[in-house]
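A.B. asks: What follows is the residue order along each chain.
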Amino acid sequence: MSTRKPSSKELPIGAVVTKSSMEYETGDWGVMKPQTDLEKCTQCTLCHYFCPEGAITMNDDGYPEVINKYCKGCGICAEECPVKCIEMVRTK
Amino acid sequence: MSELNLKQASRKPEGLAAGHRLCAGCGHSIVVRMILKATRGPTIATSATGCLEVATSIMPYSSWNIPWIHNAFENAAATASGIESAWQAQRKRGKGPLAKYETLDVIAFAGDGGTYDIGLQALSGALERGHDFTYVLLDNEAYMNTGIQRSGGTPFAAATTTSPAGSVIPGKKEWKKPIDDIVIAHGIPYVATLNPAWPMDVMRKSRTAFEVEGPAFLHAFIGCPRGWRYPMEKTISLSRLATQTCLFPLYECTLEEGRPVYKLSGPSAAIARRPASKKPVEEYLVSQGRFRHLFRPEKRDDLIDSIQAWVDQKWEILLEKAGV
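Here the protein sequences line up with chains A and B, keeping their order. According to my numbering, the first sequence is numbered sequentially starting from 1. According to my numbering, the second sequence is numbered sequentially starting from 1.
Think of the hints as simulated: they come from the structure by calculation, not from any bench. Treat the hints with caution; some may be incorrect.
As the list claims (entries may be wrong) - Quick look at which bits of chain B chain A covers, simulated, 3 or more residues with Cβ under 8 Å:
| hint | segment |
| --- | --- |
| 1 | 52-62 |
| 2 | 234-246 |
As the list claims (entries may be wrong) - A short, non-exhaustive set of chain B residues, derived as facing chain A with CB atoms under 7 Å:
| hint | residue |
| --- | --- |
| 3 | 6 |
| 4 | 8 |
| 5 | 10 |
| 6 | 14 |
| 7 | 18 |
| 8 | 25 |
| 9 | 29 |
| 10 | 30 |
| 11 | 199 |
| 12 | 262 |
As the list claims (entries may be wrong) - Distance ranges between label pairs, derived from CB positions:
| hint | chain 1 | residue 1 | chain 2 | residue 2 | range |
| --- | --- | --- | --- | --- | --- |
| 13 | B | 323 | A | 29 | 44 to 50 Å |
| 14 | B | 66 | A | 9 | 28 to 34 Å |
| 15 | A | 8 | B | 186 | 40 to 46 Å |
| 16 | A | 12 | B | 300 | 46 to 52 Å |
| 17 | A | 4 | B | 8 | 54 to 60 Å |
The beta-carbon is built from N, C-alpha and C at its ideal position, and this holds for glycine as well.
Chain A on its own, in the form it takes in the complex (with noise of 0.2 Å):
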């Protein structure tokens, strides 16, 4: 006796994405985080396109700003920046 198998709307989700990856906060990674001095800021916005997690924003104002909980704390962007505005700081 072979026992009734369950219908398709009984089964488990598969290999589905069901989640943004916005939900896995990657901050916690990075020793460094970025620190901005706001004085110097010209408003290139290259700090905005050289950051790989998209953890810089460009503020109302025009003002990059950072968002930590997704940080990975590379130091790409304290690098690149033309006015050097931008100060890695240890927070671990």
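Once you've looked at the hints, dock chain B against the given chain A.
C.D. replies: Showing chain B alone in chain A's frame:
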């Protein structure tokens, strides 16, 4: 169609969300974010197996804010042709979910393994059939995803796990495959090289690639801190150095009356005007651990000179083609 500039594009929502698990300092997401900022509207992307695919789609998370299909290693171009054909067919019949789109940017992302070696026949076939899609080659010069194995895109003398540098053999023995020339030989309307160190150049070329009728090919330079053995904050400065040493010249190639017309882009055109500003290739090699055996324990001037001669020859050939 919005005009492209850095300030406006910086306010455009991200195509690739944060929270993906690429290494800190990886070049993939930098380039992909810039390319997705240049899209005109509806976009569908597909990506071949590689770092980008495994790190952005770890169950149950996805980093893609656009429709995205994963396929096997070899058929990114074939999947993209299928998407484009489905859209054309639905447009023609006037029904179906894609029929309402005036334009559709179909992008195939593939790494150097998925292009130089495994995906070459699918790419060649799609280019020959003339589908209207954009193929992006994310070239990090080895199979980084599976542990730094050499590929057709790995440069001469680079140490990888399958071409290790020892006392007899100094890393990879073969030169890099001229993929751009192979693609240009198909007679497609647009081929360009991208370097993330110049964001505006990347976005302008991507937009041109989307707008052009027929297949377009973009060859992007992707730094890999893990596989190339350099500190993670150097990704952009190293990419910049690759263009300044003419190892990775920036140009675009369009098709005019059946002939390929080469045009050097900003930074490379500046070197063509002032050849003295061209940097020696040694400066690029010395900053990476994969070329360490060229400098330690003793300096291998013979190998460095042969790399410099190869770069000089390729650069001269390109200058001849561009008519500079």
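A.B. asks: Compare the structure with each hint and give your call.
C.D. replies: Tested hints:
1. 52-62: With 7 residues closer than 8 Å to chain A, the segment 52-62 of chain B meets the three-residue bar; holds.
2. 234-246: holds (count 4)
3. 6: holds, 5 Å
4. 8: Violated. Min distance 10 Å.
5. 10: Check passed: Cβ of residue 10 of chain B comes within 4 Å of chain A, closer than 7 Å.
6. 14: holds, 5 Å
7. 18: The hint holds - residue 18 of chain B has a Cβ within 7 Å of chain A, the shortest such distance being about 4 Å.
8. 25: The hint holds - residue 25 of chain B has a Cβ within 7 Å of chain A, the shortest such distance being about 4 Å.
9. 29: holds, 4 Å
10. 30: holds, 5 Å
11. 199: holds, 4 Å
12. 262: violated, 27 Å
13. B:323 to A:29: 44 to 50 Å: Check passed, 48 Å falls within 44 to 50 Å.
14. B:66 to A:9: 28 to 34 Å: holds, 29 Å
15. A:8 to B:186: 40 to 46 Å: holds, 44 Å
16. A:12 to B:300: 46 to 52 Å: Violated: the Cβ-Cβ distance is about 58 Å, outside 46 to 52 Å.
17. A:4 to B:8: 54 to 60 Å: Because 59 Å falls inside the window, the suggested range holds.
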